[in-house]
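**Student:** Single-letter residue listing:
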Amino acid sequence: MRLPRFDYLEPENLKGALDLLSTHRDDAKILAGGTDLLVRMKKGLLKPKVLISLKALNELSYINEKNGYIKIGARTPIADIVASGLIKEEAHALFQACEKIGAVTIQHYRGTIGGNILQDNRCHHYNQSEFHRSGHQPCHKDGGKICYAREEADRCNSTCQSDGATALMALDAKITLSKINGERTVDLADFYTTDGIMPFAMESHELLKEIIIPVQIAESAYQRLAYRSAIDYPIVCAGVLLKRSDTQKNEIDDARIVVGAMGRSPLFLAQASFSLKGKKLNDTNAFKKAADASMDNASTFAVHNVGSTLEYRCAMVSQMVFQALKEAAQAAVAAKG
Amino acid sequence: MSDYTIIGKRMPRVDSRAKVMGKAKFTADLKLPGMLVGKIKRSPYAHARILNIDTSKAEALPGVKAVVTGKDTEGVKWGVFAYTRDQQFIQIEKVRYIGDEVAGVAAVDKETALKALDLIEVTYEELPAVFDPMEAMASETDLIHEDFPNNINIHVNIDTGNVDENFAKAHYIREDTYVAPEESYFQAEPYAVVARFDHEDCLEVWMPNGGPHMKSKPLSNAFKIPLHKVKVRKIAIGGAFGGRSEICPVDYICALLAKKTKRPVRIQFTREENTIGTRQGHAMITTHKTGVDKKGRVLARETTCYMDGGAYSSTGPIATSVPFLSMEQAYRMESVRYNGYRIYTNKPIRGMIRTHGRGFACGLDTQLDMIADHLGIDPVEMRLRNSRQPGEYTSTKSYVDSCAMDETIHKAVEKSGFKKKWGKLPPYHGIGIGTNSVQTGFPMGIRGGSQSFIKFNEDGEATVMSGVVDNGQGNDNMLIQIAAEELGLLPEDIHLVSADTETTSSDPGSYSQVSTFVGGHAVKIAAQNCREKLFKVASKVLKVEPDKLAAKNRLIFIKDDPEKSIPIRKVVRISLLNFNSVNAEGGYWPRVDMKREWVKNPYGQMCEAFSFGTTIVEVKVDPDTGQVKVLEATAAQDVGYALNPLVLEGQFEGSIAMGGQGGMLTEYHEWKDGRCINPTMLDYKLPLACDMPPKINNIIVESVDPKGPYGAKEAGMSIAMSAAQGYSAAVSNAIGVYMDSFPLTPDKILAAIKKKNHK
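Protein chains in written order, with the numbering used here: chain E, 1 to 337; chain P, 1001 to 1759.
Same shape as in the complex, but just chain E (with noise of 0.2 Å):
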């Protein structure tokens, strides 16, 4: 399959990388490693007339940590979080996402943390060629009115099957948009719609430049079901966090579950978070009631739209939360040692 023509833009620097896409705005596309957006245009779900690439942009290529955050900048190469040290450290749930994503011989290569948050949502009726999608009715994502996922839907229900995202959003990070002008900082939980269509909350203008993750005294763990072990995006994943109590060592003060590739968006599960508060370490009957309680709030999202079946991946749900939370508990046992 062929790329639709487009104009290559080459920015020098992040000002000329916002000018452009100031002056292009809808009719642009941000390049950033290109392993999500180029496979798209192939199949011709998306022309845009212009791609900015940020192949220049070595200022938004870093990893470090400055008064208790982790920045990241947006165009870092997932290979180079991988080998990070500090990510390893104090973003455990990161590495291990990063990992999993793609190949190491492609996406880790050419594929950027900023890409594989903003890597658009998919759905098996949707992620085909334009033969596959003429004969029927477009879907409300190819521009019509019909879900195919779910019958009667008012809305696109693709599925976000970030790795990258799911343990950002667990580790409570926070990402930085610019634009010529000026620029925002805003949770990454806050950052997504209720719409398939367009599933971030930014503008055509506005350039993720960074990603910023608190370090705190808390140990995180990712895991992810996926048919093969490369090559395969996930059909469930869970990033947790568990943040222990300063005065009781073995009692968490605090906890976030995320769950993965199950909706729209990461998955924030406030209640089964909060259950875990001021519950014991080793307290796996808590961490089952977390998994449990996980699954049943993120099976009312998902739709069969990405391979298995849908009552398989809701059922993993609470495997993934739990040996995630498992997982994080045994780092924070070991971390008080």
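Keep in mind that the hints were calculated from the coordinates and are not lab data. Mixed in with the good hints there might be a few duds.
[Said to hold, decoys possible] Where chain P lies over chain E, by a calculated footprint (3+ residues, C-beta under 8 Å):
#, region
1, 59-71
2, 108-115
3, 219-230
4, 296-309
[Claimed, not checked] Computed far set for chain E versus chain P, every beta-carbon distance over 10 Å:
#, residue
5, His24
6, Glu89
7, His124
8, Arg184
9, Ile197
10, Ile212
11, Val215
12, Gly278
13, Ala286
[What the hints assert, rightly or not] Straight-line C-alpha distance at most 30 Å; calculated DSSO-like pairs for lysine-lysine:
#, chain 1, residue 1, chain 2, residue 2
14, E, Lys326, P, Lys1110
15, E, Lys288, P, Lys1672
16, P, Lys1262, P, Lys1110
17, E, Lys43, P, Lys1672
18, E, Lys289, P, Lys1756
19, E, Lys326, P, Lys1754
20, E, Lys55, P, Lys1110
21, P, Lys1057, E, Lys43
Cβ coordinates follow ideal geometry from the N, Cα and C atoms, glycine included.
Fit chain P to the supplied structure of chain E, relying on the hints for placement.
**Tutor:** Just chain P now, with coordinates in the frame of chain E:
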């Protein structure tokens, strides 16, 4: 057997380096002067009447050189057999699956060709479509093909007699039904064709194929030109697995566009087209009823199988038979009745596939394990009590000469530690065994034999001509090894001209595991004939009788006095100076029963030899997720004789990947109203290298077939087949539930575990 110089040795394949370095040229790499880009307009409907096709806008588009529709085909229909000709190369009245060809376009570039496709206006009247074979049989209206009531395309009935009587005598009887959906090949190379008509109106064509001669004849029929005017050329091929054995409408469409434009045309499939527009494996619903005596020996079996054949018949009669044949070869049974039905549905066309009948075979083996369980026999003993023995006849009256089935079982059992592990493994840790057998060819009438020609060049090197095609399994290397061995040359001295219908004689093609047995055999005979001529000349120089001579390392020498020798190059020159040519021919025709026919007379000698294989697999199942981790796979096959153990091991491991790891754990298609949901490599879960078992034990068993070349039979197919059975048996053993729906994806495994625990 060890006195061969080149045969039986671990020799890297002659084609490997070019392929690994990216230097090999495949059809899509071909660039001919003035070549146009061809594209196919396909039906977006599963079942619809074509009311009108308007190509005027497409034809008016600048850069479009030709548009062809069904009107240009003169109604030519294709089918492997005279009684299965049900597919027009371009549809004119109705379309029968999403992907059916309705028009072809040739243009100066891809963009223009694709634009032209959009400009072709086809008016359809949608018809009710049916996607399930059982529903298709029940539906009384809107037949997919009007001449086939109940949408039954093929019915194969085999009955040895005494079935009911033997069931009456049986000590224990079981009846179980097994299902498996369709699967795809995912050859590394998507299908592509290049065609041109030359100045003498000869059609020259390149494409990945399972036999060039199987492509040239239908093309000659379709274009009504003599066979010698169709020149199918040799080109590197990236896999076939049974899916490229017959002609494909795109071969014809590409040639038709070339004819109309008088320019070369190339059509290159997308990955999606390769999945939906070529062939797939059949989905099957199989019911086995088996009656055994007290010792577990099968007295009677009745099998009924419904196969989802898709929109056209393809290799229908063969496909409807082979799953049964593999099992009747692998296992003895006193009596059997088989009814195989191939049903038309509005889905892509199903043909032959390397792992054809995974659900059929896994079902039969699962049932044997259940019976063994009931009788208190272990699975190994159960197989040994029913396994095929040499010197027997199969149920359909094929004589089985060489057979080391039991040896493959014993060796695999020993290597895998089966006896120590069976029944003693911890929960969710299991081991299982599967056995299978495949043919080396079918009765193919006048195309059943292969001929080879060999000529010596004056520098002492030889050119070998053979119709055998290499589509990835190493046939080129096999031919070169045989020729070098027989001629006393080194492999690099052999120049192979093969798979070209202009320069090579007819050959059955590289499927049904026939290439070594028939094509390799022909080269061996040709080389022996050629060597005889050399020996005659050399005997005069060395002053001994020709039968006292041998050839090795480019020398002809006296067997009992190897110091006395003469270079082959010198013998060639002496011969030429004495007015004698140094060339020879040789042919091999397997002695099969030509009266055997798939539907009308499914009895008689099928082929001359059968291979037998056993796969034992050890797995761990995660009871919380249903995911399977394969710890070890042990593959043992009776190959007859190993011509090149290195190639064989590669075939065994590929067989584990395709038949077991992919075929039994992850690979299946998903559909929505006849639309294939997972036509690409991302969504269809082919295993990757990192998914493979950490340990694969390859065991080569040699029964040395009396008719095979050097005793060789075939390389790896019995593993591809038995791997599925080994995988399914291991998973069933691990979870303590006999599974009846394949492949064994985690959702099914988890559901089975839950159901069992709730009992």
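**Student:** Indicate, hint by hint, whether the structure satisfies it.
**Tutor:** Hint check results:
Closer than 8 Å: that is the beta-carbon criterion, and the region 59-71 of chain E has 0 residues meeting it against chain P, so the requirement of 3 is violated. Residue count for the region 108-115 of chain E with a Cβ under 8 Å from a Cβ of chain P: 0. That is fewer than the three needed, and the coverage hint is violated. A stretch counts as covered by a chain when three or more of its residues have a beta carbon under 8 Å from one of that chain; for the region 219-230 of chain E and chain P the count is 5, and the coverage holds. Counting residues of the region 296-309 of chain E whose C-beta sits closer than 8 Å to any C-beta of chain P gives 3, which meets the bar of three, so the coverage hint holds.
Annotated as non-interface, E/His24 keeps its C-beta farther than 10 Å from every C-beta of chain P; the closest such distance is 23 Å. Every CB of chain P lies more than 10 Å from the CB of E/Glu89, the least distance being 26 Å, so the non-interface label holds. At the 10 Å boundary, the C-beta of E/His124 falls inside the reach of chain P, the nearest C-beta of that chain being 5 Å off. The claim that E/Arg184 lies off the interface holds: its Cβ sits roughly 35 Å from the closest Cβ of chain P, which is beyond the 10 Å cut-off.
With a least beta-carbon separation of about 20 Å from chain P, E/Ile197 lies farther than 10 Å from that chain, consistent with its non-interface assignment. Every CB of chain P is more than 10 Å from the CB of E/Ile212 (nearest about 32 Å), matching its label as outside the interface. With a cut of 10 Å on Cβ distances, E/Val215 stays outside the contact zone with chain P, its closest approach being about 32 Å. With a minimum CB-CB distance of about 27 Å to chain P, E/Gly278 clears the 10 Å threshold, and the non-interface call stands.
Look at E/Ala286: its CB is around 18 Å from the nearest CB on chain P, clear of 10 Å, so calling it non-interface holds up. Taking the CA atoms of E/Lys326 and P/Lys1110, the gap is about 54 Å. The hint is violated against a cut of 30 Å. Distance check on the hinted pair: E/Lys288 and P/Lys1672 sit about 36 Å apart at the alpha-carbon level, beyond 30 Å; violated. A distance of roughly 18 Å separates the Cα atoms of P/Lys1262 and P/Lys1110; the hinted pair therefore holds under the 30 Å criterion.
The suggested pairing of E/Lys43 with P/Lys1672 holds, with an alpha-carbon distance near 19 Å, which does not exceed 30 Å. Taken as a hint, the E/Lys289 and P/Lys1756 pair is honoured in the structure, with Cα atoms around 23 Å apart against an allowance of 30 Å. Taken as a hint, the E/Lys326 and P/Lys1754 pair is honoured in the structure, with Cα atoms around 23 Å apart against an allowance of 30 Å. Between E/Lys55 and P/Lys1110, the direct Cα distance comes to roughly 29 Å. Compliance with the 30 Å bound is thereby established for this hinted pair.
Between the alpha carbons of P/Lys1057 and E/Lys43 the distance comes to roughly 25 Å, so the proposed pair stays at or under 30 Å and holds.
When the structure is compared with the earlier hints, violations turn up for hints 1, 2, 7, 14, 15 and for no others.
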